[in-house]
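From just these sequences and the hints, can you work out the full model?
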Amino acid sequence: MNKLYVFLILVLFQFSILNAQKSNDFIVVKGNESCQIVIDKKDAKVVEIAANILVNDIKNSTGKTIKVSNGIGSNIIFAGTIGKNKFIDQLVRSNKITIDSIKGKWERYSIQVVKNPFKGVNQALVIVGSDRRATAYGLLEISRMIGISPWEWWADVTPEKKDEIVISVENKTYKGPSVKYRGVFLNDEDWGLQRWAALNFEPEIGDMGPKTYAKVFELLLRLRANTIWPAMHSSTKPFYFYPKNKQVADDYAIVTGTSHAEPMLSNINTEWNHKTMGEYRYDTNSEVIKNLFTKRIKEAAPFENMYTTGMRGEHDSPMIVGEDDTDQQVKLLENIITDQRAILKKELKKDPKEIPQAFIPYKEVLTYYQEGLQLPEDITLVWTDDNYGYMRQFSMPEEQKRSGGAGVYYHTSYWGRPHDYLWLNSTNPVLMWEEMSKAYEFQSRDLWILNCGDIKPHEYNIELFLDMAWDMDAFEKSSAVKNHMNTWAAREFGNEHATAITDVMFENNRLAFIRRPEFMAWSQVEPITKSGVTELTQFHYGDEVKTRIKAYQAIEDEVEKLYPTMATHRKDAFYQLVYYPMIAASKINQKWLYRFKNDFDAKQGKISANYYAEESANAFNRIQKETQYYNETLSQGKWHHIMTMEPRFLPVFSKPSYVFVEPKEEATLGLALEGYEMEVNHKIINSFADVLPIFNRYTDSQYFIDVYLKGEGGVTWKAVPKADWIKISEVEGTLNSKSENPTKRLWVSIDWEEVPQGENKKEAPLGHDFQLIPPSYKVNSAIDFISADSTITVGVSVYNPKFKTLENYEGFVEDKGFVSIYAENFTRNKAGKQAEWEVFDGIGYTGKVITALPRSVDSETELKLIQQNNPVLEFDFYTFNFGEADVRVQAIPTHADYEGRGVRCAVAIDDATPAIIDFQTSGRSEAWMQNVLKNASVQSAKQIINKAGKHTLKIWMVDSGVMLDQVLIDLGGWKSSYTFPKETFKK
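For the sequence shown, our numbering begins at 4 and goes up steadily by one.
I should point out that these hints are in silico values taken from the structure, not numbers from a laboratory. Bear in mind that the values here come from a model prediction, so they are computed numbers and not experimental data. Some hints here could point you the wrong way.
[To be verified] FRET-style restraints, in silico, Cβ to Cβ: (1) Lys33 / Glu563: 38 to 44 Å; (2) Asp327 / Lys356: 32 to 38 Å; (3) Gly903 / Asp330: 22 to 28 Å.
[To be verified] Pairs of lysine-lysine, DSS-like flavour, derived with a Cα cap of 27 Å: (4) Lys553 / Lys978; (5) Lys553 / Lys747; (6) Lys89 / Lys48.
The C-beta atom is built at its ideal place from N, Cα and C for all residues, glycine as well.
Take a look at the structure:
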């Protein structure tokens with residue numbers, strides 16, 4: 004036993020020595036000692052660029068400038084590409100380093116400390132790249148090690164000041180990227196990036212030119228990206244208009260591609276001249292179009308490109324053809340691709356199979372592909388989302404074997420129907436992770452492009468997208484996103500602030516998922532409409548409008564609390580990355596939410612309508628103020644013109660119109676109760692607006708009463724409960740027309756320890772449908788509201804049967820004719836033979852969804868097999884009614900993975916035959932539009948509840964990957980609301 008113990012100690016000791024040998028300290032700057040970076044002038048230009056970026060990073064951190072040279076010194080960072088650097092090649096020949104793990108590989112590099120690499124050199128930090136980008140990434144890995152943010156320039160994340168930099172180097176080979184080509188599409192740049200470049204950063208040409216693109220390409224290198232789709236709107240001259248653009252791209256080793264609307268690197272928006280070139284129609288004008296393609300390919304031939312094949316119409320529209328027939332369109336598109344490949348072969352003098360090409364089935368082009376378009380298998384199929392973050396489809400199993408592979412084109416910014424979102428970054432990062440995980444699983448690994456608009460304020464999602472593209476293995480679970488954000492926040496703002504920043508960003512993402520800030524006016528585009536009527540209820544379920552106002556105010560409060568605590572040199576970064584996006588999202592929400600309150604209160608005759616008009620205007624003014632600061636003051640005006648608060652000048656960004664109440668009569672007391680659009684009005688016979696909704700013992704309900712002022716002057720009021728078990732948040736007060744808000748919201752709740760048990764007796768219905776709880780076991784009372792010359796009585800009715808069967812029951816219960824369930828809060832979770840349920844954190848209305856994985860599992864529609872083999876969720880619930888129920892299931896509105904799969908689940912109550920629910924939408928239908936505006940698809944199935952009492956709802960997987968958010972079992976009591984009511988759960 005003792006010998007074994009000693010042996011284990013020796014093994015551990017030796018293991019620790021080996022580990023220690025893997026990590027070496029290397030002095031970058033310390034005292035009077037500093038390193039120099041040695042490169043070979045024959046290596047690629049990007050290696051020199053990356054070396055100088057690192058030099059600048061070290062200077063910004065320490066104030067000391069290190070040298071980049073081509074000769075050996077004493078303390079050295081060697082950086083070079085295999086076969087392009089004489090020093091690296093010499094180290095290989097002398098067996099000082101080995102390159103077997105990276106040679107011939109795509110973008111792989113190693114970093115190691117080598118002892119005595121050359122005569123007179125004790126040690127060197129050696130960075131070896133398999134290709135030019137790999138070497139650049141290796142150099143910039145050192146920047147990461149010393150704490151430099153990729154957003155050092157683009158978000159002013161000023162480096163920490165340090166007296167010395169000594170890095171601990173683990174000798175390792177870094178694995179290659181998960182996705183071969185990774186980059187961004189600069190799009191819809193008209194109101195931000197292009198104006199900033201033209202008027203501020205690059206005024207010498209008045210446009211986005213080589214100076215601007217050099218900064219973009221530096222950011223891409225820092226983020227380990229390698230591909231650009233340049234800006235292409237008519238406000239910007241074409242990328243190839245400025246000859247230096249393509250050279251700068253090559254200097255930075257950035258691959259140039261173009262979007263789905265720009266075939267063969269040609270910007271049709273601005274390069275097609277109708278007067279000199281005729282109509283942009285391939286069926287009637289193919290020679291002129293081929294000449295344009297040929298000219299561009301000749302011009303771009305010396306550089307690294309990915310060529311978009313196929314063709315769409317001008318201005319991102321469908322292609323014009325003589326025959327409005329899908330078969331003819333498909334045939335024409337096949338001919339176009341054949342001609343394009345012939346041009347590539349002739350001008351590049353290569354077999355097209357060796358030339359990177361992409362085909363992007365965007366919008367109507369997907370229909371052509373689905374209708375049988377024959378695509379050469381060496382062309383990369385680039386699948387697209389539906390512009391709102393939901394991938395339209397992926398490669399089928401056979402397609403996944405194509406030599407050209409597949410890719411992804413994804414949006415976090417979009418101009419188009421049903422509504423733009425060009426201002427703030429409102430795409431949920433966990434949704435992006437989920438869709439990219441799906442893409443990666445279905446072998447879309449050759450090209451990932453993110454449409455990121457103007458870059459700002461999309462910084463975090465850009466980094467997340469590109470980090471996933473670099474190493475998808477690090478993002479196996481949904482929790483990886485929160486971990487990533489926390490690490491990001493710690494890097495930018497310190498460990499002490501990371502958790503708070505992550506939490507507030509996650510809450511902001513949750514609220515934006517419920518409805519994006521740009522969608523808050525309930526307006527649409529194509530055609531553009533004025534602001535509409537909100538679906539948020541103001542008189543049911545605690546007032547959804549006020550609830551959302553409070554949620555955003557909590558975000559504001561947290562951000563305002565954090566801002567002063569930031570280090571001085573990071574305040575500008577915090578403003579750009581956290582403060583402005585959060586405050587702007589809050590204020591555009593408040594602008595419209597207070598506008599809705601203004602309109603609603605005016606209809607009830609409340610003077611508080613005027614207060615809400617003022618609050619809405621204040622929110623609008625705050626957006627103006629912060630946007631002006633962003634442009635004119637932040638970072639000494641560095642970002643002037645980049646931030647607009649009204650892209651395309653759509654109605655959602657305007658100052659709303661308001662309704663003002665002008666009181667003429669003397670002051671009197673008014674009451675408005677939860678559950679009623681109508682205020683208490685005894686002039687109307689049987690208005691039924693003077694009784695609160697039923698309080699349910701098993702859901703511990705509470706409801707609001709608005710005490711408000713009618714008329715000019717002031718009124719003092721008092722609330723007197725007629726039973727001691729009625730609790731009111733405030734029992735007296737004064738309202739005055741001169742006060743800020745002459746409405747007071749009171750909350751009424753019940754002390755269930757004091758309320759007596761209800762009797763099992765029949766009673767006459769109240770005449771309204773607020774309660775579908777059987778008319779028994781009620782305890783009734785009231786509250787008197789007393790003012791100077793009047794008493795208004797509000798009825799209070801509680802349901803308190805004290806059923807023994809519910810004494811120890813824990814589960815969902817009916818409340819006012821419905822049962823509300825959050826899908827992740829199942830009673831039982833039963834795995835299937837091939838799949839099981841998994842909760843995703845950070846997505847959905849409740850912040851969590853549940854889905855069945857793995858995605859590779861086949862779909863099943865045979866009901867018996869579904870019950871036998873598939874995973875099922877079970878939710879125990881208790882009803883006080885029986886009869887037909889509408890089981891409404893809310894899912895995230897994803898699309899089927901590919902033909903033969905769907906977006907379905909099956910539901911049943913108790914032992915009923917399961918009913919399949921289908922969430923799939925077609926094309927750009929009205930149902931699809933409403934789904935993406937709400938980030939929700941709600942479908943239902945009728946079920947019979949045969950008796951009051953305990954029941955079980957069962958939900959089976961039909962298709963894997965369907966993300967379930969909420970469930971509402973409606974027995975007829977649910978009132979219209981934007982979100983389902985809060986969970987009705989008894990503990």
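The hints, checked one at a time:
{"no.": "1", "hint": "Lys33 / Glu563: 38 to 44 Å", "verdict": "holds, 41 Å"}
{"no.": "2", "hint": "Asp327 / Lys356: 32 to 38 Å", "verdict": "holds, 34 Å"}
{"no.": "3", "hint": "Gly903 / Asp330: 22 to 28 Å", "verdict": "holds, 23 Å"}
{"no.": "4", "hint": "Lys553 / Lys978", "verdict": "holds, 22 Å"}
{"no.": "5", "hint": "Lys553 / Lys747", "verdict": "holds, 15 Å"}
{"no.": "6", "hint": "Lys89 / Lys48", "verdict": "holds, 16 Å"}
In the structure shown, no violation is registered for any of the earlier numbered hints.
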